[in-house]
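Asks: This is what each chain is made of:
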Amino acid sequence: MAQMTTETHSGSPHRKARTHRVSDSLPGETLITWLRDMLLIREFENRCAQAYQQAKIGGFCHLYTGQEAVAVGTIQSLERDDPIVTAYRDHGHALARGMDPGACMAEMFGKITGCAKGKGGSMHMFDKPNWLFGGHGIVGAQTPLGTGLAFAARYEWEVMGKPCPNPGVKPGDKPKKKVSLAYLGDGALNQGALHEAMNLAGLYSLPVIYVVENNGYSMGTAIERGTTMAHDLRKKADAYGIRGEIIDGFDVIDLYDDFKPLVDWCRENQRPAFVDLKTYRYLGHSMSDPQKYRTKEEVDQFKGKDSIDRLASQLMGERKGKDGKPILSEARFTEIQTEVKEAVRKAMDFAEESPTPDVEAELYSDVFINPQPNLSPTRDYIHGVKNPLL
Amino acid sequence: MAQMTTETHSGSPHRKARTHRVSDSLPGETLITWLRDMLLIREFENRCAQAYQQAKIGGFCHLYTGQEAVAVGTIQSLERDDPIVTAYRDHGHALARGMDPGACMAEMFGKITGCAKGKGGSMHMFDKPNWLFGGHGIVGAQTPLGTGLAFAARYEWEVMGKPCPNPGVKPGDKPKKKVSLAYLGDGALNQGALHEAMNLAGLYSLPVIYVVENNGYSMGTAIERGTTMAHDLRKKADAYGIRGEIIDGFDVIDLYDDFKPLVDWCRENQRPAFVDLKTYRYLGHSMSDPQKYRTKEEVDQFKGKDSIDRLASQLMGERKGKDGKPILSEARFTEIQTEVKEAVRKAMDFAEESPTPDVEAELYSDVFINPQPNLSPTRDYIHGVKNPLL
Amino acid sequence: MTTTLEHPALPEPAILPDFTKPLPSREGDRIIQFREALREAMSEEMRKDSRIFLMGEEVAQYNGAYKISQGMLDEFGPLRIIDSPISENGFAGLAVGAAMYGLRPIIEFMSWSFSLVAADQILNNVPKMLYMSGGQWGCPVVFRGNDGAGGQLGSTHSWCVEGLYANVPGVKIVIPSNPYDAKGLLKTAIADPDPVFFLESERMLGDKAHVPPEEYYIPFGQAALLREGKDCTIVSFGRPVNFCLEADEALRAEGIECDVLDMRTIRPLDIDSIIASVKKTGRIVVVDQCWPFASVASEVVTQVIERAFDWLDHQPLRVNTEDVPTPYSKVLEAEYLPNPRKIAAAVRKTLAS
Amino acid sequence: MTTTLEHPALPEPAILPDFTKPLPSREGDRIIQFREALREAMSEEMRKDSRIFLMGEEVAQYNGAYKISQGMLDEFGPLRIIDSPISENGFAGLAVGAAMYGLRPIIEFMSWSFSLVAADQILNNVPKMLYMSGGQWGCPVVFRGNDGAGGQLGSTHSWCVEGLYANVPGVKIVIPSNPYDAKGLLKTAIADPDPVFFLESERMLGDKAHVPPEEYYIPFGQAALLREGKDCTIVSFGRPVNFCLEADEALRAEGIECDVLDMRTIRPLDIDSIIASVKKTGRIVVVDQCWPFASVASEVVTQVIERAFDWLDHQPLRVNTEDVPTPYSKVLEAEYLPNPRKIAAAVRKTLAS
Ligand SMILES: Cc1ncc(C[n+]2csc(CCOP(=O)(O)OP(=O)(O)O)c2C)c(N)n1
Ligand SMILES: Cc1ncc(C[n+]2csc(CCOP(=O)(O)OP(=O)(O)O)c2C)c(N)n1
Ligand SMILES: [Mg+2]
Ligand SMILES: [Mg+2]
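Protein chains in written order, with the working numbering: chain Y, 213 to 602; chain R, 213 to 602; chain S, 10 to 362; chain B, 10 to 362.
Pulled out of the complex, with its shape left as it was, chain Y reads as follows (with noise of 0.2 Å):
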């Protein structure tokens, strides 16, 4: 059995020697909230799993567990109206990028009151006002779709002259540079759409960052069983004249400094980039998975280097505020721990509690914004209920 390690399984040694750390001008409160979004994605994805077992998600559902540095860590270098788009394993997106934890929930238990209105569920978790272009169920589909964000954020300010009617956008709002993230997953490298996504992005110099949570396994398959120069991703970059980066997704404050750098050169230069961050999920491909393709001490020794405990330990250890003490107390942390508790309680609540859509009102609805009599034999389209996100 194929068995990766953290040591091989890292960002590349040269960030270690890096002199100029842009978060070291982050304030604490920002640290801290990083942690208590890393910590209430680990606390929704565990009552997420739970839910599930009592059959109250269906359908396919992927736990984000062990790669929340990732999204909060990638999201925090963004500004909030850069587009993201992602694959199905999306509810750590969700809830870095601000979803309401009972709009996702109640996706997942199929109610009215979810951020597809049922309609989507774990693998469809789009927000509109938060620039979240949907999580994506086709393995690569989702890249050519982040493509095509940074093309118009782009086209906007180039032909537009100004801002497309987004949330948020203000009437004389001049349009500006932005930057997109197509989030996939390792397995998705072997998918034609990302190529040629790539070629189109170099060719039309869009700036968009293919962002590869590369957890080092789809679904059974080890990455060097199913992409080719998986010990070197950013091989992948440098056929379409593509910046590549390996960047380690381990520690949230790291990946930061690599990450945020690149997002900024990207939206400056509005150039694309592709990144193999190297991170990895404790638990299943999805809610049934035996994992025989793993052993438990290779599980173990990721969740050693737990980016939760390690940033918790580093705000509550060697990461000072100005008053020279530790920027999170034992007491503010375990109060923070409790609060997400909570946040989470309130979630799984709201979305049992929510009804479940109006089988007249909704089944028909939402297929056309312009429906039309006799597009269908059986019986006309409607629009059905405003989406509680808009």
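By construction, these hints were calculated from the structure, which means they are not laboratory data.
Please note that the accuracy of each hint is not assured.
[To be verified] Listed below are several chain B residues computed to face chain R (Cβ distance under 8 Å; list not exhaustive):
| # | residue |
| --- | --- |
| 1 | Ala-18 |
| 2 | Pro-20 |
| 3 | Pro-94 |
| 4 | Gly-99 |
| 5 | Gly-102 |
| 6 | Asn-134 |
[Unchecked claim] Covered stretches of chain Y (in silico footprint by chain S; criterion: 3 or more residues with CB under 8 Å from a CB of chain S, positions within the stretch not fixed):
| # | stretch |
| --- | --- |
| 7 | 270–283 |
| 8 | 482–495 |
Glycine is no exception: its CB is placed at the ideal position from the N, C-alpha and C atoms.
Start from chain Y and add chains R, S and B with the ligands according to the hints.
Replies: Showing chains R, S and B with the ligands alone in chain Y's frame:
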């Protein structure tokens, strides 16, 4: 307008420094056959153009004029039972592989004596006895097929221990190591299919060579307008851990000297390779192309490097036989030219005089090998006449 | 009087064309080609709305593989008329992302035959984005290009994708048969906030007809009754409509008079006009350039049966292409396609018993 | 007595199963799961023919995402049971090349929903290779995997591809409804020299039934008459057949007795059995898990109309899934799918007037 030059669009310089030339050991007669093959393709395509003007050929018709050295030089580097597959610009490969020019021309005339019984047309030259697994119309779609040919060729010796009963295979024959060639145009570099194929070939270690017939344009799009890293396509191969080479396609002997060792290496090691083979097409993309995307000077510059002229002058000049005289006399050259003209004239006559397919027998045949009742609401499928090449 | 349409997925209300305005006359002497009609439709809309861009293979510098976009690069510049590499899946997906962000892409497939490599984007994402996102994002892309056999392009290049794609709910499918309709329908397609598959025919791009100078939009879901007759209803869409008119011509010489209906859009399907006609004639022949099995023709027959079973004097008949891969050879292809002879024969058959 | 089939594209004559042999009994106590039946079919054929290999995502080391290929890696080794990367278009095309060369690939799509990224290979190359090559090469690949909605997989993962792919001539399409049929049909598919799309259902993989120990092959194009009745004909294929049986059960309690036909293969379609039944009952309901527009249900209705118009006492009715992208929410999905209630209602409707 992009201007390509014979300087920039050529093989890598290291080639010049080669010490050992595999072509040195080739008998003069062999080289004369190559010249004949190239002349045959040139003449054949000229007559195609005429026939197309006269509306004897229909549909899309892509001529090979200018690229002759590629088909001849690469195919001469193979064993006769190494499988190959190509795109729609396929007359050159068919003739170089030994297809009867009559069957090739009759196909384009839509006659029952054509290699695909008139069902395929210009883009679909298939020749089973000559191990040509087709010309194919969808850009890039033949590259997974070439990968599959290599897979099967490897499988027959590794798993079956005997060759599949293909043409020329005799009972008791031992299976052997083969190499497959998948030709593609430079435009096909941008199709996801190629990337999936190359990753598979790299992973499974398949003996396939992806031969990019890089003529600098896909229709009216100069390569650097459609393909990133056009100045070093080997980067595309690096992304899959595949050996990549740039080879000059204007001198067939040079080409052979570069390509033959690569074929041998792939065969021996059962590994894939990728070749950026620089060539140029003299005519339009297909029969209706005003060619505004390039200058007459550019075309003339490349015509000045014509591979047929070059080989002819080598064989009639510096290339001497044992007797110290040039391998090819002017008289013999004229003879060959006449012979080739005559062969193509005969092919034209054959195509002209052959009958069209019998509609009743052919429209509904070759849909299923095992036709059964009720496969169609329209009528039953049948068996038609036997393919003339079989 | 234009209508405005509001929907939570629309950041601003959409302004829909005024379909109550009577359409300008089809008669006149402003004779242009089908391809010019398409170009006019795109250019007119692009002048009004900077969100619209055109992307596809050879659309810009080459002026279009079929010269549909001729001159548009000059007018709109390279940021809005964009040459793409041969990456249909990639740029179809790019359009999806761009449309979600707020742009209005027009994607030209050189041929719909090449849309198969983009099938996942155009069938999984385009028609379902609004539903999957619970009404947060629509996907207003117009995909257009050549569709249909004819011209000896062989098996892979002769797709009639309506036979495949019409099964999928979530897109509108438009298929004009003449330049006048092509312009009016394409303008409506571009203005519509939903995704549209717009099917042209390489065989018709040179067809000429009067196209009025004034602006007009043809509504979706309204068939055009091109000929009136009492004996049989002929229903078709796209290029074969022209074969139906020929067949009708021939039949009139025999004293058989048909209603000839050009559906113009497949989804929506103007079944009401079909039923009205069938209730008059009692007979129907459906003509479809796709393969027969599970085709739009099967659907029309089924809907007619569902709604007008008791009005029929003869079972509905369908004329499709023959049920084989498209052959190259001229003689085979001619027999493969629907043609006036086959259509007339089917009409006669409905009248025989 | 096996038959041998000769064709120029076959390097050696193909040996077809002996379909004259009566099939073993469906009754018995060798109770196995649907997934095991599939595994037995593949393993038995692979033992006999070294040209056959199985390729797909997670089929080898993981023992199959749905445990269909469990244990096959152990028996046949990594050269014949082959894990692939997530490259459906790539490995579908690899199979095409390998089949042309002389192998007999079985390609597992984890779900047919993922076959859309391979649409070009499976629709342009697979069904047309024999035709395009003028009879030189067939393309004997069996593509198999999960098809159909149910289980709350949402819009992109719930495809019923028969509604799309059945339009294309050149492939045989098989869709079993129970373990017994699944085994016999899959063995026939693997032995057949033509390409086959074999549609399984994740919802049925755990279904159990007697599967006889002796070897058997079920011929294509022969429907199974599962229930006999005089009142109405119910026709279906794949998983919904089971809903039809439930509906029939309920209807019998009301005194309504139906013929229930399990088509088992869509192409070939055993229209003869349908017509025979309709001539008896005068009524028909077609049940199809695909969207309605241009579906296999539309096709069945159309063929029935073409062949038995005068025998019908009521217009044929169809029960499809609802015409919307597949919703995730349990309540919506339950209403989306065809179910016994809807089927029984349709049957009653045919009897009402
Ligand atoms: C085109 C396609 N093929 C197959 C699948 C089934 N599938 C879903 S997730 C998955 C593994 C993906 O792994 P990876 O990209 O590494 O993401 P991770 O699950 O590790 O986050 C597969 C094969 C799919 N959704 N889409
Ligand atoms: C998937 C697909 N998209 C578009 C086309 C139309 N098309 C045919 S040839 C061609 C250009 C290909 O150029 P290249 O690969 O460089 O080959 P060349 O013609 O130069 O030999 C295009 C766009 C096609 N056949 N298939
Ligand atoms: Mg992974
Ligand atoms: Mg080229």
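Asks: Each hint: holds or not?
Replies: Now the hints, each set against the structure:
no., hint, result
1, Ala-18, "holds (6 Å)"
2, Pro-20, "holds (4 Å)"
3, Pro-94, "holds (6 Å)"
4, Gly-99, "holds (3 Å)"
5, Gly-102, "holds (2 Å)"
6, Asn-134, "holds (7 Å)"
7, 270–283, "violated (count 0)"
8, 482–495, "violated (count 0)"
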